[in-house]
Each structure stands twice: as C-alpha cells, then as structure tokens.
Amino acid sequence: MIRALLLTTVLASPAMADEIWVTNELDNTVSVIDADSFEVLHTYETGQRPRGVTFSRDFSVLYICASDSDTVQVMDPNTGKILHELPSGEDPEQFVVSPDDRFLYIANEDDAITTVVDTQTRKVVAQIDVGIEPEGMAVSPDGKIQVTTSETTNMAHWIDTETHKIIANTMVDSRPRHAEFSPDGKQLWVSAEVGGTVSVFDVETQQELGKIGFEMPNIRPEKLQPVGMKFSPDASKVFVALGPANHIAVVDVATREVEEYILVGRRVWHMAISPDETKLFTTNGVSGDVTVVDIATRKPLKTVKVGRYPWGAAARPTN
Amino acid sequence: MTRMMLVATGLAALAVPAWADTLRIDWLERQTVPPPVLSNLEETPEDLGLAGARLGVKDIATTGKFMGHDYVLNETRVAPEDDFLSAAKAVIADGAKVLVVKAPAPDLLALADLPEAKDLLILNAFAPDDSLRGADCRANVLHSVPSLAMRADALGQYVLAKKWTRLALVSGPNPEDKAFAEAMKASLTKFGLTLEGEKAWAFDADMRRVASEEVPLFTQDLPAHDLLLVADERGDFGRYIAYNTWSPSLLAGSEGIVPKGWSPVVEHFGAAQLQSRFIADTSRQMQAEDFAAWAAVNAIGEEVARFGGEDAPSMRANLLSDKFRLAGFLGTPLSFRDWDGQMRQPVPLVTPRAVVMLAPLEGFLHERSELDTLGTDLRESTCTAFGDKT
Numbered sequence: 001m002i003r004a005l006l007l008t009t010v011l012a013s014p015a016m017a018d019e020i021w022v023t024n025e026l027d028n029t030v031s032v033i034d035a036d037s038f039e040v041l042h043t044y045e046t047g048q049r050p051r052g053v054t055f056s057r058d059f060s061v062l063y064i065c066a067s068d069s070d071t072v073q074v075m076d077p078n079t080g081k082i083l084h085e086l087p088s089g090e091d092p093e094q095f096v097v098s099p100d101d102r103f104l105y106i107a108n109e110d111d112a113i114t115t116v117v118d119t120q121t122r123k124v125v126a127q128i129d130v131g132i133e134p135e136g137m138a139v140s141p142d143g144k145i146q147v148t149t150s151e152t153t154n155m156a157h158w159i160d161t162e163t164h165k166i167i168a169n170t171m172v173d174s175r176p177r178h179a180e181f182s183p184d185g186k187q188l189w190v191s192a193e194v195g196g197t198v199s200v201f202d203v204e205t206q207q208e209l210g211k212i213g214f215e216m217p218n219i220r221p222e223k224l225q226p227v228g229m230k231f232s233p234d235a236s237k238v239f240v241a242l243g244p245a246n247h248i249a250v251v252d253v254a255t256r257e258v259e260e261y262i263l264v265g266r267r268v269w270h271m272a273i274s275p276d277e278t279k280l281f282t283t284n285g286v287s288g289d290v291t292v293v294d295i296a297t298r299k300p301l302k303t304v305k306v307g308r309y310p311w312g313a314a315a316r317p318t319n
Numbered sequence: 001m002t003r004m005m006l007v008a009t010g011l012a013a014l015a016v017p018a019w020a021d022t023l024r025i026d027w028l029e030r031q032t033v034p035p036p037v038l039s040n041l042e043e044t045p046e047d048l049g050l051a052g053a054r055l056g057v058k059d060i061a062t063t064g065k066f067m068g069h070d071y072v073l074n075e076t077r078v079a080p081e082d083d084f085l086s087a088a089k090a091v092i093a094d095g096a097k098v099l100v101v102k103a104p105a106p107d108l109l110a111l112a113d114l115p116e117a118k119d120l121l122i123l124n125a126f127a128p129d130d131s132l133r134g135a136d137c138r139a140n141v142l143h144s145v146p147s148l149a150m151r152a153d154a155l156g157q158y159v160l161a162k163k164w165t166r167l168a169l170v171s172g173p174n175p176e177d178k179a180f181a182e183a184m185k186a187s188l189t190k191f192g193l194t195l196e197g198e199k200a201w202a203f204d205a206d207m208r209r210v211a212s213e214e215v216p217l218f219t220q221d222l223p224a225h226d227l228l229l230v231a232d233e234r235g236d237f238g239r240y241i242a243y244n245t246w247s248p249s250l251l252a253g254s255e256g257i258v259p260k261g262w263s264p265v266v267e268h269f270g271a272a273q274l275q276s277r278f279i280a281d282t283s284r285q286m287q288a289e290d291f292a293a294w295a296a297v298n299a300i301g302e303e304v305a306r307f308g309g310e311d312a313p314s315m316r317a318n319l320l321s322d323k324f325r326l327a328g329f330l331g332t333p334l335s336f337r338d339w340d341g342q343m344r345q346p347v348p349l350v351t352p353r354a355v356v357m358l359a360p361l362e363g364f365l366h367e368r369s370e371l372d373t374l375g376t377d378l379r380e381s382t383c384t385a386f387g388d389k390t
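First to last, the protein sequences are chains W and U. Per the UniProt record's numbering, the first sequence starts with residue 1, numbered consecutively. Per the UniProt record's numbering, the second sequence starts with residue 1, numbered consecutively.
Each hint can be trusted.
With a Cα cut of at most 30 Å, we get these calculated DSBU-like pairs of lysine-lysine:
{"no.": "1", "chain 1": "W", "residue 1": "Lys223", "chain 2": "U", "residue 2": "Lys260"}
{"no.": "2", "chain 1": "U", "residue 1": "Lys65", "chain 2": "W", "residue 2": "Lys144"}
{"no.": "3", "chain 1": "W", "residue 1": "Lys223", "chain 2": "U", "residue 2": "Lys163"}
{"no.": "4", "chain 1": "U", "residue 1": "Lys323", "chain 2": "W", "residue 2": "Lys223"}
{"no.": "5", "chain 1": "U", "residue 1": "Lys65", "chain 2": "W", "residue 2": "Lys186"}
{"no.": "6", "chain 1": "U", "residue 1": "Lys65", "chain 2": "W", "residue 2": "Lys211"}
{"no.": "7", "chain 1": "W", "residue 1": "Lys165", "chain 2": "U", "residue 2": "Lys58"}
{"no.": "8", "chain 1": "U", "residue 1": "Lys58", "chain 2": "U", "residue 2": "Lys260"}
Honestly, the hints are just simulated from the structure, not real lab data.
Build the full structure now, drawing on both the sequences and the hints.
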C-alpha cells in the first residue's frame, strides 16, 4: 500500500513544478512555493526560529537552522517530516553544505564558533573560534576554503577545510552578513550591512579587489544595507538584497557597477533562483512575503504572502 | 550594593606600555548613593554601566585577537565618601590615556579641566546634561550617552507624528526632573508645540497607599490633553500616576512611553544578540547606562581596528572624522558630531514591553544626517571648544 503510494508520487513528480522553500523566522514554519504558479503549496512546521535553509546537493533532504531550538533539522522535502536533527552548537543561524555533500559548516551566532558537522555520522567534526556573531557562510566550489563572516568583529575568516584552521582574517565594513564565492571560485563577495558596502576579494591572495557602494535617490544612505547576495545563473551579475531599502541591486561582476535597483517587499533578506534560472525569489522580512522577479526583464512579477518574517530561501528542482 | 570598592583596585592592575600591543582603557566611576524612591521593588544594579564596559572590552578583544591587538579594562570606582579628583589624578599618573567615565557633570568637568588631562580621550558614558554639549563642552570629552535634548527631541517627533499635540506636564522636584522637563519644553518649542498646562509634583506622602485618592485630585484641574508628560527621572512618583489620573491619560517622558538610549526591549537590527550576550554575562538586563558604556568602549575598538590612531589626540580626531561609523544595533550607524563631541544615535521610544518607535522618525529630514534632528544642531550649538564650525 505504502509502496503503491510512493510509486504514484514518483510517477506524478515529472508533472510537478519546481519549488522555492522559505523559512518563516517568527512563525516556526517553512513555506513551499510553486515556482511556476507562485502558489504556496505547503506550510510545514519546524523548530523554533528557523533562519538558514538549504538543500543537500542531491536535493534529497532540506537542512533548516532552528536557531532557538539550537539544532539543525533535516526534513524530507517530499513529506515535510523532520527525519532527524544534527548537532549544531548553540544558536545556529546560517550554514553551507560542502560541495561533496558531506559536511555542514554552521555559524553559531551566540558562541562565536563555526561548527563542522558530518551529515553522515551526525557528529561534530570540529569547532573553530571565529569573531563575534558569525553569520555569513560560504564554501569555495573546490571545497577547500570555508569563509565565515562575523557581524560584530567585522571580518571574513578564511578557514582551511582540511585542517580546520583559520588561514587568514580580512577586515570588511561594519556588520558583514553574507559571503558568496563566484561560481569559478576566484572571487569572494562579502556584504556589510551597516557599512553599506560589498567587498570583493581575490580568493588566491585574499586581497581586496574592490568595494561596491549603493546610492538611491530618496532613500537614506543608512537604509541601504546589503544583506543576502546571489550570483546570476550566468555568473555575470550579482543580486544584492538591500534590507530596509526594499530593493535588490543588480551589480555587474566585471565592472562592479550597480546597473539597476529592483523594488521588492520590505526588509529584503535573502534570495533563491528558480531551477529553470528565469526567476529570482526574495524573502521580505517585514512585509512577510516573497517577491518574484523576472531575471531577464528585471521586473517584479508577483508578491506571494508567506509566514511572519520570511528569512532564508532555497530552490528545489522537481524534474 | 557594594560601595567598598576602593580607588586602589584600579591601581593594582598591570601598567601597560603605550598601546603597541595592548590598549589600556580606564573605567572611572564616581559611585553615588541611589536616592530614595517610593517603590522598594527595583534595585539599581551595582555594576550599572560598568557591565556594559566589560562586555564592550570582551567584544573588541575578540576582534583584536585576529588583528594582534589586546585590550585591558582598568576599573577604578570611587566610593561616595571618597574624593573623585584625587582618584582621577592617580589613574592619570598611573598611565591612563583613554577613559570611559561614569560621573555627574561637575566631577566630569573637574577631571576634564585637569592640566594633565588635556591630551586624554575622555568618553562620557553617563552624564546627559545639555550644558556638557554646549557652553560647558570640553575638547577632550566625547559623549556616548545621548543628551537630554536628544531624548526630548525623540519624544517631540513622536508627538508630532501622532498628532497628539495637546500636552500637559507634571514635573518632579529633583534637579534631574527639572532638567528633563526643561529639555522637553525646549523640544516642544523647537517643534512649534506648546503646553496646555503644567503642575509640579509636590507630595511627599507614600504614594503606594494613597495614589488612588491623591492622583485623581491632583490631575483634575489639568486642561484636556492627549499626552501627559511626566518628568520623574529617578522613577519615584511617576509609576503611581498611570491609571490613577482624573481623565484617561496616556503618559510620556519618564513614564509611559519613554525616550531612552537603550532598553531591554530593544530587539531589532541584531539587538537581541547583544541583549542575550549581556544577559549571559551578567544575569540581568541591559540598561541605557550599560549601553552607553558599551558604545564608548566599542567606539574605541572600532577606531583601533580601522584607523589605528597612535595616541589619544589622534584617536579623538579619528572618532570625530566623518569616516567613523560604529555598528550599534540601532539600525543606523553611530558616529560623533564634530562640533560638540556627542555620539549621533537613534533613540528608541519604549514602553516596558516594546519599542513603540525609533527616532529619528520617518519624515524628519536633515541636510547631513537624520540623526542630527535629535539634540542640539551645529547652528544652535554654543560649544566652542571643538574649533571653527563649518
């Protein structure tokens, strides 16, 4: 009977659309949005204060940072059931999966630690002392370098994933929130929320290549607070969420110039790109919704109501 | 309350050579006997302010760890019966260069005016007096605590934003009550508002027993108002006015909705993390005095990390530069006004359970920074110690 059901699901799946999964920080849920129809398909319960969210590289499980439950939850995306939990250290906020799908690097915001968890043995492999309030987490495409940014220490900590030792610390502007490697692994981008800038580093030398500022008419400069970042599918642009400025900046990677600002919902945090690479989904914390932006035309298409304080976003192809 | 801490405790700490590797920050506190108030429920924390400085040093030392800087907090607490100025002289003779001070205005000024204090960097983390940012400003003193005028302007903006402009005032008998009442009145004038009526609180009976009988009568002859302003900075009688007034009254000022540099209810912009780190270290909540000390210490750490001034005068210049920005968990970066040394900062308007609004409110515009809509602006400033104004 169960087998029959499973079979039906599997057979039905090719007809299913891709999905965008969003954590609702103050509702303790994740919302599942149909990437084609923009309907909310499911709302699943999570632990307390879910923030960071990501799929395993094979999309078989969803990892959720349940910050106030002090755990990383592993969810079956087909059923919304929590399969098990991973030890995460206290107050996990954000994390990243290693390219080989084996390790999770977790920022423990209250403890100034990066925790490395083996997702197979479900054990903590290492804990690395970093600056205060670690948050931004990135791993190089070759898996050799993990970068943790710390919000109050204002640094990017470059960690060797083999030795679990910090190999470099680079100062960035105030309150770094997010780090992102370019898909070719050559550049690291770090956003500084209070500093209002994005710093671009050369990965090989850890030297700063440049710094990007933002400017919009009729918006106080203090409100231009870069948070989440996402490389465009062709890696030529970076979308930068500007928090309380309620816009996404489109930055050209080659020139590091801002090309355009796209209006989205209030206090935009993070983003996910649809698996067909045509749409950008932004989580808007204060307005409690998700804006769908057409990547080709850079126009917002629709606003999707989700739970309270949507925070993280992750995409799942279902084909 | 431990008031036995002696001046000597500070001097016992290791003397640190210059700031090649370790920067010494001095905490200099004039301890006072808390004035008596009607309610016995709340005790002033023994480490009010100091706990913020301690957390601040912990924070900046973590950053310093990755950059090869270290910090030490040298704590000197002068007991109420002891002489503040001789203690101050002793720590300066011992090598103090950067001081975070918790002391009333007269003590602070006496310290700042010492000949040996001329090239020190003094951060006032306690005294809110507007005069310290005005006629009595000193070039060697910067202020991390918001002035009374800044707090009053935050409330003034709130009054305008809500259009609750019919106002009455009850002010207490203490100097700090009078000073806050004056600041609120000045702010109302600035925003084109006037008081409908005003009364002085004059009772010395124990209000826990008779508030329900006295307060209705006391407030009966106040003109009709949208907000009843209360100036009761010690937290003495104001709490007994709420819900005992003749007509239904919303309170503001020292009671009801209160403009404050910080409060345990501030939670946005990552503030919840600062609150929880503070609670983890102290087992109590972070008050405005703690935040002012934390901000002073973190300003020093930010200066060291980003500018690396080699002595107190160059650190001061860097703090005052328009490139200086400190992340202060209040949504807008903190910086210093170069005409009076006041730290620019948002002012939360809070009730005991929530932040109602965060000033400056939307729509209050300024040519430089909206934060300069709070407190005395460049053009009105009577401070001359900071050189030519631009």
